[in-house]
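2 protein chains.
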Amino acid sequence: MLNFAVIGTGWITDSFIESAHATGAWKLVGVYSRAQETASAFAAKHNATATYTTLDALGAAADVHAVYIASPNSLHFEQAKAMLSAGKHVILEKPATSTVAEYDQLHALARQKKAFLIEANRHLQERNFKVLRDSLGRLGPLYGASLNYAAYSSRYNKVLEGETPNIFSLEFSGGCLVDLGVYPIAAAVALFGVPKAQSYSPVFVKTGADGGGFVRLQYDGFAVDINQSKIYTSAAPSEVYGEKGTLIANGVTDIDSVVFLDARTKEKTQLAGEKAKLNLQEEAAEFARIIQEKDTKEKTRLEEMSRAVLCITEDLRKQNGIVFDVEKN
Amino acid sequence: MLNFAVIGTGWITDSFIESAHATGAWKLVGVYSRAQETASAFAAKHNATATYTTLDALGAAADVHAVYIASPNSLHFEQAKAMLSAGKHVILEKPATSTVAEYDQLHALARQKKAFLIEANRHLQERNFKVLRDSLGRLGPLYGASLNYAAYSSRYNKVLEGETPNIFSLEFSGGCLVDLGVYPIAAAVALFGVPKAQSYSPVFVKTGADGGGFVRLQYDGFAVDINQSKIYTSAAPSEVYGEKGTLIANGVTDIDSVVFLDARTKEKTQLAGEKAKLNLQEEAAEFARIIQEKDTKEKTRLEEMSRAVLCITEDLRKQNGIVFDVEKN
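Read top to bottom, the protein sequences are chains A and B. Following full-length UniProt numbering, the numbering of the first sequence begins with 1 at its first residue and continues without gaps. Following full-length UniProt numbering, the numbering of the second sequence begins with 1 at its first residue and continues without gaps.
Just so you know, these hints were derived from the structure itself, not from any lab. Note that beta-carbon positions come from the ideal geometry of N, C-alpha and C, so glycine has one too. Treat the hints loosely; a few may be bogus.
Claimed, not checked - Partial list, computed: chain A residues near chain B (C-beta under 10 Å): (1) 192; (2) 194; (3) 201; (4) 212; (5) 213; (6) 216; (7) 221; (8) 222; (9) 223; (10) 225; (11) 261.
As the list claims (entries may be wrong) - With a cut-off of at most 20 Å between alpha-carbon atoms, the simulated EDC-like pairs for lysine to aspartate or glutamate come out as follows: (12) A:206 x B:171; (13) B:206 x A:220; (14) B:206 x B:171.
All chains, please: the whole structure from these sequences, using the hints.
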């Protein structure tokens, strides 16, 4: 059993706790929040025994083996650094850090402390994402992919009213690319490897952050096109194209349909199995396995993907003048 | 009544004749083919009275007011030039010409001869395309569009077997961009005007031509992303995004569904009417009207769109080293 604490008390943390408990491998023992009231309320909700209002206190808690961090993006680095310094394993919500430099610092620290640092790319652990990945061989030579994650966020209403929600805030290292875009970008890296080049046509919102737009990842002989947005909704599926046919998934997360469309016969074959009831359960189970079995090979593979995605988003931001406050000093 | 002759005896010419006759405005009087046998068979099939095996003979036919040209792309220029020189109106299948320079020559000749030169962008004349165009105001500020025309062509089987069908031949000015890509590109120009810049990530096939890939058209503040292919199939719809919602069409041609998806209420509204039974009928009716009413304003608007699309595809070809044989001298 892995005892864990959480930093960040939003809905995604609720989901992770529920999913982690469902695996039988994790036990929530502590809740961190700067505000005691928030920590106590969240701990009570999830039957956690301890609360912490400083990172030092959480770091000193001997019964905490790992910490799940799902705070605003810009806070990930300092919080993860404190936890790794204290020898805790860290499960870090995406995007892991604001910059590649921050990620590299955390990575070096984790190695030094022999702690595991894992970015919570939950979609890459989904059973049906693995079905998609394992079905690429059906396509023959690859001709491209169109990956989509575009859904209007109710928080965009706030932006239109003149507010700056964290997720649309450069102060909190927000914006669509690092919030939603990382799902299809990570999917592309997991499916096809690191692209040779990338470009982005962002739509900017009033806060100065990117609200969505098209990303192109260029590979040898084909490209991956990504439509990602928090300011408009797309009904398009995600597709991978090859000489022998097309793989059509309902998306790059929460996949419940992966259809192979034969180019010549036009026959359709459903390849997906039933998806997990809790959409963070697969990652919670896998991350526990990696930590408990000390599977450094798989850990390294995930780290390389995380870093590759950060390199891509950082480059795309630089190309388009999207600068986070943490980068200004 | 406009008497017309046809150059090119493929299925698209069958369709145009049937559609033209259905409008009541056109009457087929002649068929051209270099081979008398082909001309005679096609004329018999469509009850045409005359056949021609030379462009000079067709040009000299006093009862022919207009000529519909649907030959391999590389032949359009010389054939249209001969017909315009003889004072005939010309309906030219897309792509009008191999190059912008050719188009400009034909355009100058048409003006000199007071003849109409109209590219058969049939989809822009569809009732439901106009519904899509006229519904853009529902979206508020525009955030982008994703336009798709990707369908596996059975002729690609021939390419894989080592043959070079016209449509995949650089000798015949073929390739996906100028064959299928022009539909979504022309749609974008009709909906949003001329883009500031464009890029293309082609997938090349064995013949050296482009088989498909992603096109990006950059506008002020948003982009249009195009997925076009003859070597793979996409099930994705075509969509236009704005602050207030998304317009979702089943495609950019043969549109029978245009749904407005409200971003906030998620309510869907079907805006499309019934589509025409014959998919070239709307263009046949409109082109007859333009010629008969001497509607030079609309003619000029269509010419400008045709030229803009050619400028875009020529630039995209140059960026990617796609050179037609006619450009090599």
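Each hint tested on the structure:
The restraint placing residue 192 of chain A at the interface with chain B is violated, with a minimum CB-CB distance near 13 Å, outside the 10 Å limit. With a cut of 10 Å, the hint placing residue 194 of chain A at the interface with chain B is violated, because the nearest CB-to-CB distance is about 17 Å. A distance limit of 10 Å between C-beta atoms decides the matter here; for residue 201 of chain A the minimum to chain B is near 4 Å, and the interface restraint holds. Taken as an interface hint, residue 212 of chain A checks out: its beta carbon lies about 7 Å from the nearest beta carbon of chain B, inside 10 Å.
At its closest, the beta carbon of residue 213 of chain A sits 6 Å from a beta carbon of chain B; the interface hint therefore holds under the 10 Å criterion. A cut of 10 Å between beta carbons decides the hint on residue 216 of chain A: the least distance to chain B is about 6 Å, and the hint holds. Because the smallest distance between the Cβ of residue 221 of chain A and any Cβ of chain B comes to about 7 Å, under 10 Å, the interface hint for this residue holds. Hint on residue 222 of chain A holds. Least Cβ distance to chain B is approximately 6 Å, under the 10 Å limit.
Annotation: interface hint on residue 223 of chain A holds; nearest CB of chain B at approximately 4 Å, less than 10 Å. At a threshold of 10 Å, the smallest CB-CB gap from residue 225 of chain A to chain B is about 4 Å, leaving the interface hint in force. The restraint placing residue 261 of chain A at the interface with chain B holds, with a minimum CB-CB distance near 6 Å, inside the 10 Å limit. Of the supplied pair hints, the one linking residue 206 of chain A and residue 171 of chain B is violated, its CA atoms being roughly 50 Å apart against a limit of 20 Å.
For the hint linking residue 206 of chain B to residue 220 of chain A, the alpha-carbon distance of about 16 Å falls within 20 Å, and the restraint holds. Proposed proximity of residue 206 of chain B and residue 171 of chain B is supported: the alpha carbons are some 14 Å apart, at most 20 Å.
Figure legend: structure checked against the earlier numbered hints; hints not met, in rising order: 1, 2 and 12.
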